[in-house]
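Protein sequence lines correspond, in order, to chains A and B.
Read in this note's numbering, the first sequence has 121 at position 121, and its numbers run on one by one without any break.
Numbers in this note's numbering are just positions in the second sequence, counted from 1, shifted up by 1000.
Everything labelled a hint here was simulated from the structure, so no lab data went into it.
Since the structure is predicted, the reported quantities are computational estimates derived from the model, not experimental observations.
Cβ atoms here follow ideal geometry from the backbone N, Cα and C, with glycine treated the same way.
Certain hints may be false.
As the list claims (entries may be wrong) - Which residues of chain A face chain B? A partial, calculated answer using Cβ under 7 Å:
| hint | residue |
| --- | --- |
| 1 | GLU34 |
| 2 | TYR37 |
| 3 | ASP55 |
| 4 | ALA96 |
What the hints assert, rightly or not - Taking lysine-lysine and the PhoX-like style, the derived pairs with C-alpha atoms no more than 20 Å apart in a straight line are:
| hint | chain 1 | residue 1 | chain 2 | residue 2 |
| --- | --- | --- | --- | --- |
| 5 | A | LYS70 | A | LYS80 |
| 6 | B | LYS1267 | B | LYS1044 |
| 7 | B | LYS1024 | B | LYS1044 |
| 8 | A | LYS103 | A | LYS122 |
| 9 | A | LYS22 | A | LYS122 |
| 10 | B | LYS1243 | B | LYS1078 |
| 11 | A | LYS3 | B | LYS1024 |
| 12 | B | LYS1024 | A | LYS80 |
| 13 | A | LYS70 | A | LYS104 |
| 14 | B | LYS1016 | A | LYS82 |
| 15 | B | LYS1024 | A | LYS82 |
| 16 | A | LYS103 | A | LYS125 |
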Amino acid sequence: MEKRIRVVVGKPGLDGHDRGSKVVARALRDAGMEVIYTGIRQTPEEIVNTVLQEDADILGLSILSGAHMKLCQKIIKLMKEKEINVPIFLGGIIPADDIPELKKMGVNEVFGPGTSFEDIIKRVKEIVLGTAV
Amino acid sequence: MSWEQQYNLISDDFFKGRIYALAKMITLVENNPDSAWKIIETLKKNTLRDAPTVGFTGSPGAGKSTLVSAYVSMMAAKNQKIGVIAVDPSSPFTMGAFLGDRIRMRDISESENVYIRSVASRGSVGGLCDAIYDIVDVMKAFGFDKIIIETVGAGQSEIEIVYVADTVLLVMSPDSGDEIQMFKAGIMEIADGYVVNKIDLPQANAFSVKLRNTLALENDVKSKRKVFEVSASKNIGVEELEKWIDEFYSDMSSSGEIFKRHERRLKRRVRSNLMRVMDDIISSQEVGKNSLREFKSLIVKKYIQEEACDD
Chain A
1 MEKRIRVVVG
11 KPGLDGHDRG
21 SKVVARALRD
31 AGMEVIYTGI
41 RQTPEEIVNT
51 VLQEDADILG
61 LSILSGAHMK
71 LCQKIIKLMK
81 EKEINVPIFL
91 GGIIPADDIP
101 ELKKMGVNEV
111 FGPGTSFEDI
121 IKRVKEIVLG
131 TAV
Chain B
1001 MSWEQQYNLI
1011 SDDFFKGRIY
1021 ALAKMITLVE
1031 NNPDSAWKII
1041 ETLKKNTLRD
1051 APTVGFTGSP
1061 GAGKSTLVSA
1071 YVSMMAAKNQ
1081 KIGVIAVDPS
1091 SPFTMGAFLG
1101 DRIRMRDISE
1111 SENVYIRSVA
1121 SRGSVGGLCD
1131 AIYDIVDVMK
1141 AFGFDKIIIE
1151 TVGAGQSEIE
1161 IVYVADTVLL
1171 VMSPDSGDEI
1181 QMFKAGIMEI
1191 ADGYVVNKID
1201 LPQANAFSVK
1211 LRNTLALEND
1221 VKSKRKVFEV
1231 SASKNIGVEE
1241 LEKWIDEFYS
1251 DMSSSGEIFK
1261 RHERRLKRRV
1271 RSNLMRVMDD
1281 IISSQEVGKN
1291 SLREFKSLIV
1301 KKYIQEEACD
1311 D
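Sequences are here, hints too, so could you generate the full structure?
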């Protein structure tokens, strides 16, 4: 059986703007992936626990509140504590200046507003499969 | 990596009770249907108890996930270890899936006593997935006290759950039709108990009365089935349901009904296994100039060959 990519899409923090995470989840679904959608206002603990229980191949985060540095830091720290080695992509309103720091922290990719679905799908597959597609 | 290598990598941690190993073991049986039975046989040698399985089915939006959450949180509070399998449909076009049952289970998702796994149906049409029997066995081997299965939003004929779970509950929304719908064969027949959810809605009591009246006209077995009035989100009636599920299971054990159900399950599981292998053989075989009869015996021959290789 062909392996299905399992993606957890989560929205940590307090902003409720979930159109972005919904349409990205939808696009990944239509690209043949199994998307576990957690909904809004998740704590970092809840998201990390979901990644662990669902044996996710990749974690997608959507943050529009401006708290992306703190939230990513916390999620990555929790993942390290639980020995979870799962790549992360991030979308939302992320200032360009923060991207190098986020990548250093361990975020694999950051997708800003206007990124095409094709790009997101391609990069997610590349990251999970470890090869160019 | 072969499945043996993957299995060896995680099996120690699995039996130590580590969640990551459980999660990976489920993925392993899900993605390797041909070798899953070998994994299951190894796990079964170390399975300490045959945990009861409870199935929740019903139409989309009836409140299955919310009810599972309320029910499971009651058991988790008593320190019981519960495994939840929540199935949602895969796309027949892209094979992708949107698995959203966890959203309704936030009250239990952080509990140390609860493990939730979202599963996609992957082409199965019975309301579950082909790997469901294997996933349940993996969870039993892990040592849960009870295993809860939530089907996809089910229509009238998605009834695979009756083979998989020891006890089946049909969750109904108070706006799901009149008594004509209740008389129809299929999903209305397979439930051991009916849950009228959203009992706080104005039309709910009338619906419940209609259901009871309709069941009263049914045969001896069906007319005795329980109806529960519940509001899963307001936690009304869930305690009574929880108590009844345990009582029903022990009644089945003492009457011998449970063994009948186990036998029915084994037969169905073998059938589903054979059908999957057959399907693969049939779809990969050219018909050519063979007649119907010749083609059939060709398939059977191929099947026997494959089985011989497998052993």
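Taking the hints in turn, this is what the structure says about them:
1. GLU34: Since the shortest Cβ distance to chain B is 5 Å, the answer is holds.
2. TYR37: 5 Å, holds
3. ASP55: Nearest chain B Cβ about 4 Å off; hint holds.
4. ALA96: 31 Å, violated
5. A:LYS70 / A:LYS80: Judged against 20 Å, a Cα distance of about 15 Å means the pair holds.
6. B:LYS1267 / B:LYS1044: 18 Å, holds
7. B:LYS1024 / B:LYS1044: Holds - the C-alpha atoms of LYS1044 (chain B) and LYS1024 (chain B) are around 17 Å apart, at most 20 Å.
8. A:LYS103 / A:LYS122: The hint holds at about 18 Å.
9. A:LYS22 / A:LYS122: OK: LYS22 (chain A) and LYS122 (chain A) at ~18 Å, within 20 Å.
10. B:LYS1243 / B:LYS1078: 13 Å, holds
11. A:LYS3 / B:LYS1024: 13 Å, holds
12. B:LYS1024 / A:LYS80: 18 Å, holds
13. A:LYS70 / A:LYS104: At roughly 14 Å apart (the allowed maximum being 20 Å), LYS104 (chain A) and LYS70 (chain A) satisfy the hint.
14. B:LYS1016 / A:LYS82: OK: LYS1016 (chain B) and LYS82 (chain A) at ~15 Å, within 20 Å.
15. B:LYS1024 / A:LYS82: Roughly 15 Å between the alpha carbons, so the hint for LYS1024 (chain B) and LYS82 (chain A) holds.
16. A:LYS103 / A:LYS125: 18 Å, holds
The structure fails to meet hint 4 from the earlier list, while all remaining hints are met.
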